[in-house]
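Trainee: If you want the building blocks of each chain, they are given just below.
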Amino acid sequence: MKECVKNQKNEKFNTYLQVYKMQIIRSLTYKFDVYGNIIMQSIIMLASAFFWKALYAGNDSVQGVGVSDMMVYTVVSSMISVVLTTNVERRISNSVSKGTIAIDMMRPVDIYKVFFAENLAGVTTLIFQNLLPILLIGSIFIGVPVPASKEAFLLFVLSLFMSFCINWFIAVIFGMFSFKVIEMDALIQVKKHLIRLLSGSIIPVWFFPESIKNILSFLPFVYLYQLPLDIYIGKYDSASLTKGLIMQALWVVVLYLMFRFFKKKAEDKVMIQGG
Amino acid sequence: MKNLFKELLHYIDVTLVYIKMAFLSIIEYPSAIIGWLLSNPIQFIVGFATIKFVVAEFGSINGWSYGQLAFLYGLAVISHALSMIFFIQGWFLGFYVIEGEFDRFLTRPLGVVYQFLFNQINIFGITDLIPGIIVFVYGCVKVGFSPSPANIGLIIVMLIGATLIRGGIYVILGSSAFWTRSANDFGQYTQEIFDKTTMYPLSMYPESLQFILTYIIPIGWVSFYPVSGLLGVEEIGIGSAMSVWITLLVGIVVMCVAGFVFSRGIKRYESAGS
Amino acid sequence: MENMIEIKNISKSYHVVKKGEGIKGALKGLVKKEVKVIPAVSNLNFNIKKGEIVGFIGPNGAGKSTTIKMMSGILTPSSGEILIGGKNVKTHRKEVVQNIGVVFGQRSQLNWDLRLGESFELLRHIYRIDKTSFDEMIDTMDEILGIKELQDKPVRQMSLGQRVKGDLVAAMLHSPDVLFLDEPTIGLDISSKYALRKFVKEINEKRGTTIILTTHDLGDIEQLCSRLIIINNGKLVEDGNLEEIVDDIAPYKTLVVEYYDEQIPQHEKCEIISTEGNVAKYRFFKKEITAAKLIEDLGKQKAIKDVSIEEASIDDIIRIAYEGR
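Chains as they are written, first to last, in the working numbering: chain W, 824 to 1098; chain E, 64 to 337; chain R, 8 to 332.
Only chain W is shown next, with the shape it has when bound in the complex:
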């Protein structure tokens, strides 16, 4: 009996592994997408670097951040944006609008785990396809982004993993709104812009007024980009680091609970409608 359960578990895991593999193949198929994405993302990164260089002309350090830190910031931020790529909200809303969600949910696998496996696979491919080329291009044209210390790098990886989870849970919760709202495009845009502007991905939160910085520290956005970037550059002390990581972990938990809650509600709704 025990053996059987174990086998079943293995089989399930293999299913997700299969999904993961298929997705990697799928993402490799479109050559043009790959090159196009690298070129576009590199242009954006270079433009950012020039932007900050121009701003820093005549200023050695602003808010305790020097121009070389800002260059590291630009390159690493571009790399993080690769890791935080997801289209799970669109996957869910498409499946709802096409009416296939009921079938998806009836399957003997957990559809959200399938989505997660797909997403993880997507990111794995992207690390080779986009992240490394961007790192290379950034290192050549902007400067090698050296982390502040070994310890900083390890903490960065930990924090980035939590960023990935926060990003994924936000996306999946947004996707579940499509059970209520037919037209998701606008909502996805709202989310995208909020993250773009409030997470520190484009303009570091350092340059925001103190009051806004305070408010942002209670919202999940800064834990997507700003915190891992702070850690990478070494712009932290033990107090701010502890506080940051605890808040980040807290957001992972809160969003996970919200995800569970909405998942239950969504399932009930599909059951009542009968597909």
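One thing to keep in mind: the hints can contain errors.
Stated by the list, open to error - Below are the DMTMM-like pairs computed for lysine to aspartate or glutamate, each with C-alpha atoms no more than 25 angstroms apart in a straight line:
(1) K276/R with D304/R
(2) K921/W with E70/E
(3) K259/E with D883/W
(4) K1036/W with E255/E
(5) K69/E with D304/R
(6) K1087/W with D927/W
(7) K65/E with E102/R
(8) K101/R with E164/E
(9) K43/R with E333/E
(10) K138/R with E70/E
(11) K213/R with E102/R
(12) K921/W with E162/E
(13) K1015/W with E255/E
(14) K259/E with D927/W
(15) K242/R with E255/E
(16) K83/E with D304/R
Source of the hints: derived by calculation from the structure; they are not laboratory data.
Fit chains E and R to the given chain W structure using the hints.
Mentor: Here is chains E and R on its own, set in the frame of chain W:
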């Protein structure tokens, strides 16, 4: 000549029906209205606030005062909004190719480019327009730009040119799908690049990049050159009226190139299925 | 009768990117792309006269849709030319499409979000149809398909049958001389199929519309098509009316005769293909002798207990045509 006029009237007539249908579609999805009303203004108001924070920290951006930046930013957002209303389909050209959506356009007695761009007019682009106008008017007041008829005329001509440049670039990028047959949508990247290069002075970038953005991918003409000309912030070697008319000319040229690339592409169109 | 459609030696090939298998193949594809040229249609020649209903049939992937798409201006032939109403489709696209209607069974030209009437209204403006002839056409269509009760329904709420009705009307609004129907009956229930067939017959009779349809439905073929064009592997295999094709593919019938005993008589104009006890099967060519004459001749030699005639079914005929003889 008379025939051409009749053709034009016909296209205007059909456009009016398309606009009516766009409004009717919006009413079908009330939740989307709220979404767009929130999303687009948030984007640009927060975007503008960040410029304010940056200027507060760094003083000025490459010699441009806060008011001048608002003027530049406002105009850039307005032309962005106009391009979103009329040319947003360019972002989705890949999708049209993959899904065989051009079948429908090709079996109707109207220009294919026209049908492609206008079959779904994006009325929601208006929600981008409003924050753009607010910031622009604020900028006008700050820099003391007088709303004389001549000035308003120049601004309109400039906006037409800028919108055509943006739209032309969307269509050119989108047309790549005829060759690649991939539905990748570069909209987000395109917008980010446009944001970086039209909402801040181009002169802050290295000269090589300025050269590219002036002569090869003429994004500089979307906002930087005409605004520099109009406000006299930077020495660009041409008068204010001249800079505006060149913008229009560049817009027309980019659009023609886009039309050429598109028409070459549509010949390779292979529909969907077998 | 004048030719409505002239197909002059057209060919069309597709370029397909070959993809490798598995992760290795996908990685390889990133570096090098192999392009394969696949011919879809080769050297097709035929004419269609005004007022004909032509069934364009063939197995999946035979090139039917490709040909219909070339005729309706969606695809351009790699070589050869297509004239509709004497005009070249490639060089006079707008004029030609003003005179044709197209319905693809698997795809709609109607606006998904809006009520059906809005899509009609748009087409009225696109094709410059004046209000009176538009209203007349809607009336006619209402008689055949009962379209008026659907006009206020949003297309996304329609059943497939209703949607196809909407698409048929949409294709007819500008009174085209030629109507292309690509698998119009696919997925339809019996009553919707009936409505569609009635529609095809009536507009053909009343308006003289030339109709070209592709289908896999034998009912469509039997009931509608005055002429069949069968293509396979992109080449024309058969062209003619149903009887002609049957005569061509299966020019013989089989007469089964049961006698009172096992002595089976012969006949010089047919061959015995099998005997089983007192039952014999005679195969005869329709051109050489009629069944009645054969029965009469055989009856003179031996008393006959029972007869029946076996004929190749349309099913068989089409299958033989597809598979090649």
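Trainee: A separate judgement is required for each hint: does it hold in the structure or not?
Mentor: Structure-based check of each hint:
no. : hint                : verdict
1   : K276/R with D304/R  : 11 angstroms, holds
2   : K921/W with E70/E   : 39 angstroms, violated
3   : K259/E with D883/W  : 23 angstroms, holds
4   : K1036/W with E255/E : 24 angstroms, holds
5   : K69/E with D304/R   : 76 angstroms, violated
6   : K1087/W with D927/W : 15 angstroms, holds
7   : K65/E with E102/R   : 18 angstroms, holds
8   : K101/R with E164/E  : 18 angstroms, holds
9   : K43/R with E333/E   : 15 angstroms, holds
10  : K138/R with E70/E   : 19 angstroms, holds
11  : K213/R with E102/R  : 24 angstroms, holds
12  : K921/W with E162/E  : 16 angstroms, holds
13  : K1015/W with E255/E : 12 angstroms, holds
14  : K259/E with D927/W  : 41 angstroms, violated
15  : K242/R with E255/E  : 51 angstroms, violated
16  : K83/E with D304/R   : 78 angstroms, violated
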